Each structure stands twice: as C-alpha cells, then as structure tokens.
Amino acid sequence: MINLQDFDFHLDESRIARYPTEKRDESKLMVVDRKSGRITIEPFFKNIIAHLYPSDRIFYNETRVSKRRVFLNFTIHRKKDESQFRKHEALFIESPDNKTWVCLLKNAKKLKVGDFLTSPSQSVVFQVIEKREKDCILSPNVVIGEEFFEREGNLPIPPYMKREANNLDESRYQSIFAKTSGSVAAPTASLHISEELKQNLESMGIQFSPITLDIGYGTFQPISQDDVIKKKLHSEKVSIPQSTIDSWKKASTEGSRRICLGTTTLRALESMKRFVDPHSQSGWKGETDIFITPNDTIDTIDGLITNFHLPKSSLLLLVSAFANKELILEAYQKAIENEFRFYSYGDAMIIV
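For the sequence shown, position 60 (counting from the first letter as 1) is numbered 61 according to the working numbering, and the numbering increases by one without interruption.
Treat the hints as calculated values from the structure; they're not laboratory data.
Heads up, some of the hints might be wrong.
When the alpha-carbon atoms are kept at most 16 Å apart in a straight line, the in silico EDC-like pairs for lysine to aspartate or glutamate are as follows [said to hold, decoys possible]:
no., residue 1, residue 2
1, 250, 278
2, 113, 136
3, 326, 34
4, 286, 63
5, 68, 171
6, 68, 148
7, 111, 136
8, 335, 9
9, 250, 303
Label pairs and their in silico Cβ distance ranges [what the hints assert, rightly or not]:
no., residue 1, residue 2, range
10, 173, 335, 25 to 31 Å
11, 335, 152, 43 to 49 Å
12, 9, 146, 36 to 42 Å
13, 275, 86, 43 to 49 Å
14, 131, 152, 22 to 28 Å
15, 226, 14, 23 to 29 Å
16, 14, 42, 19 to 25 Å
17, 300, 42, 26 to 32 Å
18, 37, 206, 21 to 27 Å
19, 111, 196, 42 to 48 Å
20, 251, 37, 27 to 33 Å
21, 173, 236, 26 to 32 Å
Everything numeric in this text was worked out from a predicted model, so none of it was measured.
Just so you know, even glycine gets a beta-carbon here, dropped at the ideal spot from N, CA and C.
I would like the entire structure built from these sequences, with the hints used as guidance.
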C-alpha cells in the first residue's frame, strides 16, 4: 500500500519561487535518467536541447489561465448618498450548468443563503444560493463568461506566493502556448519554453502537439491517505484533437520518443489511453478524474518535463509513477542541496 508520508520532505520557504526568472528559458534544469539512475544539472533550461532528439514529439497543454479571482462587494448598509461595502474575495471554479458558479469565497461565514454580492463595477449581482463545507454556489443575474472575468477579475496566482498578482504575472504566468481560457492555474512546465527555444526545437525537427486540460483548483489542494486508498481525485475537463492522437500513435509505431510537457498533459494522455476508442477519428472531449500513483504503469510517454512539486501532493505521486519513488526523492534532495527553486515559478526537471 502507498503511504503518503513516504512522499514528505522538508523545504525551506526560501526555496519557494515567488517570482519568475528574468527569462523563461533560464531557470535551472535537472536531468534524471530512469535507467541508469544518473542525475545531472544544467545551469539553464534552454540546454534541454542537448537532451532531446530530432525525432522527439512534444505534447503540451494549451490551456490559458482565466482571471477567475474576483473581489465581490457585500452591502453592509446604505445611506441616502452612500453605501458601505465589505469585500469578499471569490475564486470562480466552474459553472456546472452555465447558470450557477461553484466558488471558493473568503469570509463565507459572514454570509448567509439569500445574500447578494455585486461585481467590482456593480454590473453583475450574485446571489448566494448554497453554502457547502468547502465552497459556495453563486447565481449571477446574467450569464457570465470569459469576457466578464477579463473585465472584472484578477489572475489567480498560487497562494504559496504570498503576494498579489502584478503586471509581470499577466505574461509570465501564461505559457507561450496559452490559447483556450478555462484554468485557474498554469501548466507550469510550459512556462519554461520561450518563443526562441520553441523555434530552435522545431528547427531540430521536433514536432509539437497540443491538448487542452482545464486545470482546477484541486491541483493546489492537499490530499489525504484516504484519497490515496480510494484513488479519489478532482475532475478536470480535457480536449484532445484527432491530430494529436494521430501524432501520438505515429510516434509509437515509428519508435519516436513521446515527451510530455507537464503533469497535466500526462494526465490527459493517460486518460486518452483509458477512455478513448482506439479506432476513433474525431478526437476526444470529456472529463477525467484519474489519480495516477506509483502503483500505476505509465506507458503513454517516454519522457516527462515537469517542475518540482509540493510534498505529499498528487503531482509528486504522479511523477513517482513515471520514475521510481526513490529516484525522484533523491532528485528532490539534490535539488534542495543545489538551491533549486520550487513550485510554479521554480526550476524544472526532465525525466527520460
């Protein structure tokens, strides 16, 4: 049985990257060889070129981080000429029916079912229709979507950065591939790829193929031993075009290496293997709640580019499923000793 405590490690707060490096492709890179167990360090991510082949195919997540962090106002009382408001920070997670929204709401205890909140511009009114243990259900008086969030919202950078989002985050917390809005977190491995590096890789002959997986807030939420036992994890929407499925199949038959850019892309490809009819010619759209652990065998890819993740997280378990746990924990310890930066804006590793 998998013991979640085996995936714990101490990380000093000084190792948490709160800001990006000056250039996307100049973070550090660790190279982990699964067969030999060898671990080497490159000073810059862009040196990954030396560890890739012209025949490699890279699969990436083209999701875009949506400005789902909105500061809503609750009217405390009104006077003739003015009103006083109390702010409630809301993170809009998903709309299950295109009418209501599941939200994480700060100071939710101060609200009751039936209360009304207004958007910053006061153009949209939300009613609290349900309060649950971990979230609330809000109903807006009009249908809202990406246009509303772009106008009224803020970029939801991870809570462990312990700061407000700034203008730099507007560009650097989005990957160069960012296309389809729908995530509340970035596919962080992609943040290391610059336009110049992508062009250099394509010049080598490397092909890029997209998937879309809308990253939910569950990626930040801690998991429990019970979650591991039940293999229970949050659900996320996935879309894989037929061209990407064809590219993946072709790589398999040609013997080309399938390099996965990020854990979200790996979750999508593993879901494809489990849920998609191999004879389908129309791509795949659906949801996945698969929980990949070291008890699983990953054979959809031959290489994984990823960041350094939180202790006892589902992402660390996923990475340990691709390479054995002992090797990954050794790599993490070496990263700490060599002052690597961790988490979303941190350094990267490639496992081959």
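Against the structure, the hints:
1. 250 to 278: Satisfied, since the Cα-Cα distance of roughly 13 Å is no more than 16 Å.
2. 113 to 136: Holds: residue 113 and residue 136 sit about 13 Å apart, inside 16 Å.
3. 326 to 34: At roughly 13 Å apart (the allowed maximum being 16 Å), residue 34 and residue 326 satisfy the hint.
4. 286 to 63: holds (14 Å)
5. 68 to 171: Holds, at roughly 10 Å.
6. 68 to 148: Holds. Residue 68 to residue 148 sits at ~10 Å (cutoff 16 Å).
7. 111 to 136: The hint holds at about 14 Å.
8. 335 to 9: holds (15 Å)
9. 250 to 303: At roughly 13 Å apart (the allowed maximum being 16 Å), residue 303 and residue 250 satisfy the hint.
10. 173 to 335: 25 to 31 Å: At 26 Å between Cβs, range holds.
11. 335 to 152: 43 to 49 Å: Because 45 Å falls inside the window, the suggested range holds.
12. 9 to 146: 36 to 42 Å: holds (40 Å)
13. 275 to 86: 43 to 49 Å: holds (48 Å)
14. 131 to 152: 22 to 28 Å: holds (26 Å)
15. 226 to 14: 23 to 29 Å: The hinted range 23 to 29 Å holds for residue 226 and residue 14, with Cβ atoms some 25 Å apart.
16. 14 to 42: 19 to 25 Å: Holds, at about 22 Å.
17. 300 to 42: 26 to 32 Å: With a Cβ separation near 28 Å, residue 300 and residue 42 satisfy 26 to 32 Å, so the hint holds.
18. 37 to 206: 21 to 27 Å: holds (26 Å)
19. 111 to 196: 42 to 48 Å: holds (46 Å)
20. 251 to 37: 27 to 33 Å: Since residue 251 and residue 37 have Cβ atoms about 28 Å apart, the given range 27 to 33 Å holds.
21. 173 to 236: 26 to 32 Å: holds (28 Å)
Of the numbered hints listed earlier, not one is contradicted by the structure.
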